[in-house]
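From these two lone chains plus the hints, build me the complex, please.
Residues per chain, in single letters:
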Amino acid sequence: MKKTKLKVVTGGLPSLKKAVEQGVDGVYTSLSLPISIYHFSGSKLSLGDLKAGIDYAHSKKVEICLILDLFPQFLQIDECFKAIETAYHLKMDGIILADLALLKYTSENFPSLPIWLSARAGASNLESIKLFERKFKIKGVILPQVLTLDEIKEIRDFSNLELEVFVFGPICINYEGRCLLSSYFTNISDNSLSLCSPTELVELGNEDGILKMRLNGYLLNELSPEELCYYPTPCRGKYFNLFTGEKGYSFQSPLLLNALSIFPQLIKTGIDTVIIEGRQGSKRFIKESTFIFQQALKVYFDNPATYKVEEVWQKRLDALFAREKFTLGCFLTK
Amino acid sequence: MKISIGPIPTNFGEEKLIHFYQEVASLPQVGRVYVGEIGCSKREVLDRKLFSRIRDFLERGGKEVIFSTQVLATTKEDFKRNNRLMKLADGVEVNSLGFLNFIQRQYYQMPLTIGPTLNIYNPIDAEILASWGASQVVLGFDLNFESLKKVAKSLKVPLELPVYGHFPLAYSWCCFTAKAFGRERKTCGFACYKVKEMLLENLERKTLFLVNGTVIYSGKVFSLLSHLPEIEALGIKYLRVYPLIEKVREIVETIDGAISKKIPLSKAKKILFSLSNKKLKSQPMVRKYD
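The listed protein sequences derive, respectively, from chains A and B. Taking this note's numbering, the leading residue of the first sequence gets 11, the next gets one more, and so forth. Taking this note's numbering, the leading residue of the second sequence gets 2, the next gets one more, and so forth.
No lab work stands behind these hints: they were computed from the structure. A few of these clues could be false.
Said to hold, decoys possible - Keeping only pairs whose Cα atoms sit at most 30 Å apart, straight-line, the calculated DSS-like set for lysine-lysine is:
(1) A/K163 / B/K271
(2) A/K248 / B/K154
(3) A/K248 / B/K195
(4) A/K147 / B/K81
(5) A/K257 / B/K43
(6) A/K308 / A/K335
(7) A/K163 / A/K335
(8) B/K282 / A/K145
(9) A/K293 / A/K257
(10) A/K257 / A/K318
(11) B/K43 / A/K92
(12) B/K81 / A/K248
Stated by the list, open to error - Just some of the chain B residues that point at chain A, by a computed CB distance under 10 Å:
(13) F21
(14) K50
(15) R54
(16) D57
(17) T118
(18) D126
(19) F142
(20) F168
(21) C176
(22) T178
(23) L200
(24) M286
(25) V287
A virtual CB, placed ideally from N, CA and C, is assigned to each residue, including glycine.
The following block holds chain B by itself, in its conformation from the complex (with noise of 0.2 Å):
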């Protein structure tokens, strides 16, 4: 099983995001990076250049690098948006089912890669999105483990799961950063610039949820390491990694530490929730189905 590396919000700016990548490039563990901003359309900081500047040192670190479109897309400005950055990667992660249907309709060579949330709970839906030419399968955050298992045997194509991270859990048309500054996503003055993430605790002062503008991620990091003896017994190909931009090395490390026996997994886990400031979920989102 080798390490993938999920897309990063962009609004961490220009600098940061080269910093972070040059960062995941020297990594020798990681084989596939996902680039894109999945979120918010009117987020300008991945344009063309920096997109290929990444690209290119990544393909030097040896990674291949797979452009992850827009998840939740409406118009056709939104398509043509993506469209610019898809041609400059080696492949195509589609986070809306319209992408697959326009790719197709244009790039009959492009590899695609059916990202987490296009939905797939069981075999059929896996196997359909396999036979509309997809080359790789993400899978989501919230399949039961049994589902899990029956889509790993019956897919011909290989399968990545999400492993470790904030999850990204809900997206929305509203920005929930400019919300809090009291603006509209229109007017939104491109907040998200200044404050990156923020924080959010029930009113009994429990961590919950991380928002960066459009996107609603976990407050806690999952971090589903325990089960990695499950998980390796399934024939997942790719284990996929939302790091925490700062400590992307350290996680990779453990993480491959752990799958290559190299730190024993009880180590690896003390570390990883040394590296969430304490605020790791060990848990699957949906284990079982009562």
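Only chain A is shown next, with the shape it has when bound in the complex (with noise of 0.2 Å):
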């Protein structure tokens, strides 16, 4: 049987560092860019950080892949193509890839360099799979957030790409590459960041023992000291709906996904990778969320019948998240 690889998507140097250290099989990293001043600056590399970073996976043999999936506005566009060509010259092992353009400079420029379709190209159907392929030889899809495992078994019966699918961490309600909640908030084009609620707009106050969390101004949510801290975005705001008279989390509540219930349901829809999403995580979720889900894979790879979520695998996620709940996203049903 194939196994499946592990691959964490990583923030600073030194995230990016313990993931290649808990030898996972590859690290996806950010690169800033000079023109973007609305970034987390924590979560994107400097050109130094990136080349230290390229340097340590490589000696120890893991993947590493430039992740620029951003939509570049005219006057962003040369920059992207400047990075391409340092993800191309830094011999880097891969680039995630989402904006037409950027796909086209690279296929047609850097024919060697390959290609992961980030799942902000919205490839949520086989039929956009098979025409990114077509048009631009990419070698892998990383799968939107939107799909359920019956879809993502009929993509996988009809291509033959490495099909990626997020795991853990963070999760989209709305389908990626498409949402402009932030944009409304902010008057800047969240795709062309490639994120929403930049942090330079985020505020966070405490009133009279309440939290108040606001982008650009608009206030998001309300927290008593009881309630889970999370990072302010749109869609996880708090507000009232006038139709119900309800106030609550029209869209969604601070959730984070965790397919560790369903690995054996997951795997066996015959996707190649499994991924971290860990880009805003400490090193120690870096740490903790990579060793459980390398022992997931273990555990079912040695024998798939008798795999179960372990207790000490649950015992070190409850220590890291203590008061998180977690979520499968829309794999079992939407």
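So, in structure tokens, the structure goes:
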């Protein structure tokens, strides 16, 4: 049986190194681009850190790919082309793209640089994937978080590309790369930044013991001291529904994706890689989550029939995420 | 510049849809009409019979009738379902790239319009899609003005720009109307047939979103009429309007009046402001890049 790979999306250099040290199959990392002043400064690497990260990953024989899944506005194109050239010249193992212009540039100019299609490209069906494959010779697809296991299987049955699926970390409730909720609040295109809720526009203020979360001045949530604090995005805001008269998380509450409990069904779809989204995670987050998923893969491939979520994993998860709640997204049902 | 009417959600029901499109058919200012359920795959209001009927009276009114595909298509079944209706239209608005692949494998002659969800942000994106056979391109909602100018300058196929309406901001696998009733999408019981739209305010009671099933729209009505002179200079062919279903005639007549300079811009803005119950947002979503 072909073994499923484990890859990790990492933020800063320390978490990248931690993932490599854990012996994952690959790391995905981002480069800070000069023109985009609004970005998570901690989650994208400087050129110097990128080089250090590549050297470290390659010294441990771990694949390292560059995430460049923004949709560049006109003035951003040149710097994106430069980033692609950088990935090529630094001998990175691949690049993760979503925008057509960047896909074309890479496939025409650097055909030896493997391309993975980002979830943000919105390739949520076989027809889209076939088109990207034919036009840009992509090597793999990071599937958007909008698919059930049955839908993943339907794609697997008719595609030989490497299929990768997120199994742990923050989750999008909306179709990735097609969500303008953050742009609507900030007047800065989140697709052109490849992130939502830019940190520079997020305010966390304490007013009479209540934590008020704002994005560009708009109130997204009020948390009492008992409630779990999380990174605010519009899809995780609390709103008044004028029809029902109720106040609550109208789209989604702040949940983390965790596919451990359905690992056997997920792997049986035939996917090639499972991914941990650790871009905003601490070194400890990376260490614990990779450990648990490496164990889960080992237990599964040692004997698929006896796989179960082991108590020790659960304990380590509970220690790290004492208050977070987990979700299976739409893996089982929509 | 002519006016096009963007797709409206079909959960308003057969009677309202017929009434709405009959009204649109009678408006000489409208050149193109997009018809289709872009959100939920479970809605069965718009079948072949209803689509044909709507197409017939729109065509008699001299309109080009374009079928708008679903945005978040995931299964073969989604393609089959969309295929049944797209065959009946004068052209297709492709809202998932998969439909471009699908159509080109089957109907080589079908005119293709690139929908606003295909993420054109720069001239190269637009040129690639044109080279793949697009005969018209609808731009998205969050291009900055610099990008818009460059795309308009370089692209050879006609361009369409959304300028008015509750803009669709996000699409989900989850139905937020069903969720408001404590149901999953699988067991939604077609809650959206009863409650067509739900407005959401934040905790400071600012109107933010309009929820319609799986699609989140802006709670405020965008109107880019203030920028009409700049937009005119771009050489845009169609201005897309997502009309408020009850007020389509007034909205179209006002916007057309502003385009043809029969109504002064300041007066047109006032009319649209009152038509939207004072929930008007007159700046584009993204204007510049800092």
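Verification of the hints:
1. For a cut-off of 30 Å, the pair hint linking A/K163 to B/K271 is broken: about 53 Å separates their Cα positions.
2. Among the hinted pairs, A/K248 with B/K154 is inconsistent with the structure: their alpha-carbon atoms are about 42 Å apart, more than 30 Å.
3. Straight-line distance between C-alpha atoms of A/K248 and B/K195 comes to about 24 Å, which keeps the hinted pair within the 30 Å bound.
4. Among the hinted pairs, A/K147 with B/K81 is consistent with the structure: their alpha-carbon atoms are about 27 Å apart, no more than 30 Å.
5. Among the hinted pairs, A/K257 with B/K43 is consistent with the structure: their alpha-carbon atoms are about 27 Å apart, no more than 30 Å.
6. For a cut-off of 30 Å, the pair hint linking A/K308 to A/K335 stands: about 25 Å separates their Cα positions.
7. Only pairs whose Cα atoms come within 30 Å are accepted, and A/K163 paired with A/K335 is accepted, the gap being roughly 27 Å.
8. The straight-line distance between the Cα atoms of B/K282 and A/K145 is roughly 39 Å, outside the 30 Å bound, and the hint therefore fails.
9. The suggested pairing of A/K293 with A/K257 is violated, with an alpha-carbon distance near 36 Å, which exceeds 30 Å.
10. For a cut-off of 30 Å, the pair hint linking A/K257 to A/K318 is broken: about 38 Å separates their Cα positions.
11. For a cut-off of 30 Å, the pair hint linking B/K43 to A/K92 is broken: about 44 Å separates their Cα positions.
12. Distance check on the hinted pair: B/K81 and A/K248 sit about 38 Å apart at the alpha-carbon level, beyond 30 Å; violated.
13. For B/F21, the shortest C-beta to C-beta distance to chain A is roughly 22 Å, which exceeds 10 Å, and the interface hint is violated.
14. Checking B/K50 against chain A: minimum C-beta separation of about 27 Å lies over 10 Å; hint violated.
15. For B/R54, the shortest C-beta to C-beta distance to chain A is roughly 29 Å, which exceeds 10 Å, and the interface hint is violated.
16. A distance limit of 10 Å between C-beta atoms decides the matter here; for B/D57 the minimum to chain A is near 30 Å, and the interface restraint is violated.
17. Hint status for B/T118 relative to chain A: holds, with the closest Cβ pair at about 5 Å, below 10 Å.
18. For B/D126, the interface hint holds, since its Cβ comes within 10 Å of a Cβ in chain A; the closest pair sits about 5 Å apart.
19. This hint holds: B/F142 has a C-beta 6 Å from the nearest C-beta of chain A, less than the 10 Å allowed.
20. Here the hint on B/F168 is kept, as its CB sits about 8 Å from the closest CB of chain A, short of 10 Å.
21. Because the smallest distance between the Cβ of B/C176 and any Cβ of chain A comes to about 8 Å, under 10 Å, the interface hint for this residue holds.
22. For B/T178, the suggested interface contact is upheld, since its CB lies about 9 Å from the closest CB of chain A, less than 10 Å.
23. At about 4 Å, the closest approach between the beta carbon of B/L200 and any beta carbon in chain A falls short of 10 Å, and the interface hint on this residue holds.
24. Because the closest C-beta pair between B/M286 and chain A is about 5 Å apart, less than 10 Å, the hint holds.
25. Checking B/V287 against chain A by beta carbon gives a least distance of about 5 Å; that is within 10 Å, so the hint holds.
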